[in-house]
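S.K.: One letter stands for each residue in the lines below.
Number of protein chains: 2
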Amino acid sequence: MSRHIEREIEKLKREILALGAVVEESLHNAVSALERRDPELARQTIDGDPAIDQMEVDVEENCLKVLALHQPVARDLRLIIAILKINNDLERVGDLAVNIAERALFLATREKIEIPLDFVHMADVAKKMLKKSLDALVGEDPALAHEVCRMDDEVDAINREMYGVIQGAIRKQPERLESLIHLLSVSRHLERVGDSATNIAEDVIYMIEGVIVRHKVEKYQARDSS
Amino acid sequence: MSRHIEREIEKLKREILALGAVVEESLHNAVSALERRDPELARQTIDGDPAIDQMEVDVEENCLKVLALHQPVARDLRLIIAILKINNDLERVGDLAVNIAERALFLATREKIEIPLDFVHMADVAKKMLKKSLDALVGEDPALAHEVCRMDDEVDAINREMYGVIQGAIRKQPERLESLIHLLSVSRHLERVGDSATNIAEDVIYMIEGVIVRHKVEKYQARDSS
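If you read the sequences in order, they're chains U and C. Each residue of the first sequence is one higher than the one before, starting from 1 at the first, in this note's numbering. Each residue of the second sequence is one higher than the one before, starting from 1 at the first, in this note's numbering.
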């Protein structure tokens, strides 16, 4: 029995990792589409979302099956609940990738905007956070998870900086207002990817240490204040 | 045994409703602070958030206890998993209320902006959705839950309209750019409250009907496309 549930949990972990890999790729493609002004890649990202949604539904169904059949307790129970929540977060990141792809689609039809800040870097940090949070899950590595929580500050800082830069650009080029508002949305979406990765990392810490770390740092400041 | 779990589930429902009531009030206060340009009320909303976070942590702990002690299956299991997910969504709405209160705090220090669209109405629809989704949970009423999903279209439409209106206002009053960007954020936050209420409603439908309805309507369109 106990070995059987271990196998089931390994299977759930593989499923969530597979979902994570597809979501990472979707995010990567959305940002590439924005950078390269590639409407085809943007459309491909949008068209890939129903497959992500289906994977999320499958993972949830499988978690419920394992809960019902094996009635796990203690650490196994916490692990499955963590996978359920991480599943939810990954699907949200998939939605954010679609949102970025939609902005990329719009911006590809307009004149190119030069923005002094680097979306590619911001996206890289967000993607690294996502990857590390999933590695922390698989390796059951709380140190790696804590690292992800710290990285979120960098993404938040870039997002805040982006607000100032884009407001400056609107003042200089008021005729590009619509495009610049779209870029502001992209920055916000990337910041929310960082938030989701942080949620995942916090769930990993909870799963391993049994300690709920979320809300410990936000106190008087909402996490997504943009 | 079965009676015992029924009592535990009723208790969890009461706890999630209590959380819902506090979150509703927080959202109401945040929007009132914005409307009335009341920094005191805005600060009060922000200061109330740690209590919401603690309630969320408690509900999650209690759900895990019930899962471990009673090892529910079928409908009871689905109900507890739904409560876990709804708990998560309510906490996110609490964060959104804080974000709105932070905008209210900023805007109260600037000259009043007249915006032809009605934030109070948008907030009312979002709050109604939240309330109905919790009523649907308590009454186990899928019809009410389906109604919430339909109401989300209205909030999305108001948010889209808000984008156009605020862009027009920026063109007319470029010196008010910063304040107008803050108002745009409020609109987006309210739209995300609608999304959370929709998530809750979908979880209620799943709990009762055992059918996952989410992703059925979004297909090629991310839910939060703003």
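Everything labelled a hint here was simulated from the structure, so no lab data went into it. Errors might be hidden in some of the hints.
Footprint (simulated), chain C over chain U, 3 or more residues, beta carbon under 8 Å [as the list claims (entries may be wrong)]:
#, region
1, 66-74
2, 84-90
3, 162-174
What you are looking at is a predicted structure, and each value in this text was computed from that prediction instead of being measured. The beta carbon of each residue, even a glycine, is placed where N, CA and C say it ideally should be.
S.K.: Run the structure past the numbered hints and jot down the numbers of the failing ones, going up.
M.R.: Hints that this structure does not satisfy do not exist here, as all of them hold.
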